[in-house]
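J.: Chains as they are written, first to last, in my numbering: chain F, 1 to 102; chain X, 1 to 110.
Derived by calculation from the structure, the hints in this document are not laboratory data. Do not take every clue at face value.
To spell it out: a stretch of chain X is covered by chain F in this simulated footprint if at least three of its residues, at any positions, have a beta carbon under 8 Å from a beta carbon of chain F; those stretches are [unchecked claim]:
| id | segment |
| --- | --- |
| 1 | 6–18 |
| 2 | 28–42 |
| 3 | 61–71 |
| 4 | 82–93 |
Sample of chain F residues lacking proximity to chain X, with all beta carbon distances greater than 10 Å (derived) [unchecked claim]:
| id | residue |
| --- | --- |
| 5 | 7 |
| 6 | 14 |
| 7 | 18 |
| 8 | 19 |
| 9 | 21 |
| 10 | 43 |
| 11 | 64 |
| 12 | 67 |
| 13 | 73 |
| 14 | 93 |
Just so you know, even glycine gets a beta-carbon here, dropped at the ideal spot from N, CA and C.
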Amino acid sequence: MGGVAGSLCRWAIAELINSGLIATFIVNISGVALAGIFLYRMHLSTEQRLILVTGFCGGFTTFSAIDVGALDVSIAAAGFYVSATVLTSLALLRIIRRPISQ
Amino acid sequence: MRVLMVVLGAGFGAPLRYAVDHAFRRRFEFPLGILIVNAAGSFLLGLVSNTGPEVSALLGSGFSGALTTWSTFAIDLDAQRHKPKRFLLNLFANISIGFSAAAFGQFLAN
């Protein structure tokens with residue numbers, strides 16, 4: 001259920017934004033941030049985690065669209081795109097993980 | 001119509017990702033299941049990239065989009081930050097195998 005909802009949101013964003021790679025970047029980055037918040041900032045039960053993180057965020061974000069989308073651009077652009085997605089994801093998770101100072 | 005295709009595809013893709021990931025995570029510390037679903041989904045999306053809107057919504061955006069994941073991959077990488085070898089292996093295996101699979105799928109489709 002979570003996976004279907006996430007996939008529909010991803011599809012809707014892809015329909016709204018003309019460039020596939022930009023839509024994929026937005027979806028993947030926001031999905032990682034959301035998954036980080038669910039995992040590190042909220043106390044969820046195993047079932048809630050399954051629906052929200054594995055289901056919604058897992059279905060929302062995608063890997064295949066990165067690979068196929070990047071086949072259409074130059075190797076340099078593909079390398080830049082993948083690096084940007086990895087680094088932004090890890091930076092966001094680092095920020096979300098960090099304890100809030102009192 | 002395409003909305004229903006996305007729903008149907010994702011209804012199979014997301015549970016399959018969970019089943020594969022779960023089966024491998026019980027046996028191995030390395031997230032091998034995610035590597036497998038990401039590679040398989042990339043191959044499939046490459047294969048259907050030139051098909052009509054209904055088929056690409058069902059098998060591409062729906063099934064392969066929900067089968068593959070970026071969020072779990074990123075969370076795994078984040079958790080591997082103190083194990084540089086494992087981190088680099090996971091990163092480069094997913095990206096290189098994923099790309100090769102997508103390119104191979106697209107090659108077969110043309």
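J.: Between the segment 82–93 of chain X and chain F, are there enough contacts, at least three residues with CB-CB distance under 8 Å, for the coverage claim to hold?
T.: Check failed, 1 qualifying residues.
J.: Is residue 14 of chain F truly not at the interface, in the sense that its beta carbon sits beyond 10 Å from all beta carbons of chain X?
T.: violated (7 Å)
J.: Three or more residues of the segment 61–71 of chain X near chain F by CB distance under 8 Å?
T.: It holds: at least three residues are needed, and the segment 61–71 of chain X offers 10 whose Cβ sits within less than 8 Å of chain F.
J.: Does the claim that residue 7 of chain F lies off the interface hold, with its Cβ farther than 10 Å from every Cβ of chain X?
T.: violated (3 Å)
J.: The segment 6–18 of chain X covered by chain F? Criterion: 3 or more residues, Cβ-Cβ distance below 8 Å.
T.: holds (count 10)
J.: Taking beta carbons only, do three or more residues of the segment 28–42 of chain X come closer than 8 Å to chain F?
T.: Held - the segment 28–42 of chain X has 3 residues with a Cβ nearer than 8 Å to chain F, which meets the minimum of three.
J.: Over 10 Å from every CB of chain X: does residue 19 of chain F meet that, or does the non-interface label fail?
T.: holds (15 Å)
J.: Examine each Cβ of chain X, and state whether all of them lie more than 10 Å from the Cβ of residue 67 of chain F.
T.: violated (4 Å)
J.: Over 10 Å from every CB of chain X: does residue 93 of chain F meet that, or does the non-interface label fail?
T.: violated (4 Å)
J.: Just double-check residue 21 of chain F for me: nearest Cβ-Cβ distance to chain X has to come out over 10 Å.
T.: At roughly 13 Å from the nearest Cβ of chain X, residue 21 of chain F sits farther out than 10 Å, so the non-interface label holds.
J.: Run the C-beta distances from residue 64 of chain F to all of chain X and say if the shortest one exceeds 10 Å.
T.: violated (4 Å)
J.: Quick one: work out the minimum CB distance from residue 43 of chain F to chain X and report holds if it exceeds 10 Å, violated otherwise.
T.: holds (17 Å)
Comparing the model with each earlier hint shows violations of hints 4, 5, 6, 11, 12, 14; every other hint is respected.
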